[in-house]
Amino acid sequence: MLFEKIKARESGIVLYGLVPPKKGTDTEKVNEIAARQVARLQDQPIDGLIIYDIQDEASRTDEERPFPFMETLDSVEYSRDFLADLKLPRVIYRSVGKYSEDALSRFLEDSHPADELSVFVGASSADQSVTMPMSEAYALKNA
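Under our numbering, think of the first position of the sequence shown as 61, with each following residue one higher.
Quick caveat, the hints were computed from the structure, so don't treat them as lab data.
Just so it is clear, CB atoms sit at the ideal spot from N, CA and C, and this is done for glycine as well.
Please note: incorrect hints may appear among the correct ones.
Said to hold, decoys possible - Capping the alpha-carbon separation at 20 Å, the derived lysine to aspartate or glutamate pairs in DMTMM-like fashion look like this:
(1) Lys201 to Glu169
(2) Lys67 to Glu131
(3) Lys147 to Asp103
(4) Lys65 to Glu169
(5) Lys158 to Glu131
(6) Lys65 to Asp175
Claimed, not checked - Quick list of simulated restraints, FRET-style, between CB atoms:
(7) Pro105 to Glu169: 28 to 38 Å
(8) Lys89 to Leu200: 12 to 22 Å
(9) Glu70 to Ala163: 33 to 43 Å
With the sequences and hints as input, model every part of the structure.
Shown next, in the form of structure tokens:
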């Protein structure tokens, strides 16, 4: 339904966004978190689910963070492995700068275009060190 609404340029699309649990979280705890999310969302009138892929944005400012950055589980793996019971189309964010060419290639090859959209996210600032610049990520996608 989400893709049809987008193609028809309909207004009123409702998406729900979430961030995967922190990397290093016990698998049993991740399963509990995912089960609560599925139970909370499965009967809601939403058109799709956004799974964010966050990155450290320390290079955006010289101010000290109020809390340390903590990586999260991979957005694709969390979506497919833990939220599979949630029958909604997905919008998967990918912070491309932290992935190698091989990793991003695998992501593109394994994508599920029937029920997943991808959003490439670039560096948080010009000073951020990246493995994959946006231009190369788009070239890889279009290859």
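Hint by hint, here is what the structure shows:
Pair hint Lys201 plus Glu169 holds up; C-alpha atoms about 9 Å apart against a cutoff of 20 Å. Proximity of Lys67 to Glu131 is assessed by CA-CA distance (about 34 Å); at most 20 Å being required, the pair is judged violated. Distance hint between Lys147 and Asp103 is fulfilled; the C-alpha atoms sit about 10 Å from each other, no more than 20 Å. For the hint pairing Lys65 with Glu169, the CA-to-CA distance comes to about 25 Å; that exceeds 20 Å, so the pair is violated.
Between Lys158 and Glu131, the direct Cα distance comes to roughly 11 Å. Compliance with the 20 Å bound is thereby established for this hinted pair. Note on Lys65 and Asp175: the hinted pairing holds, with a Cα-Cα distance of about 13 Å set against a maximum of 20 Å. Evaluation of the 28 to 38 Å hint for Pro105 and Glu169 yields a pass: the beta carbon distance comes to about 33 Å. Take Lys89 and Leu200: their Cβ atoms lie about 34 Å apart, and the range 12 to 22 Å is violated.
About 34 Å separates the C-beta atoms of Glu70 and Ala163, a value consistent with the hinted range of 33 to 43 Å.
Violated hints for the displayed structure, listed by number in ascending order: 2, 4, 8.
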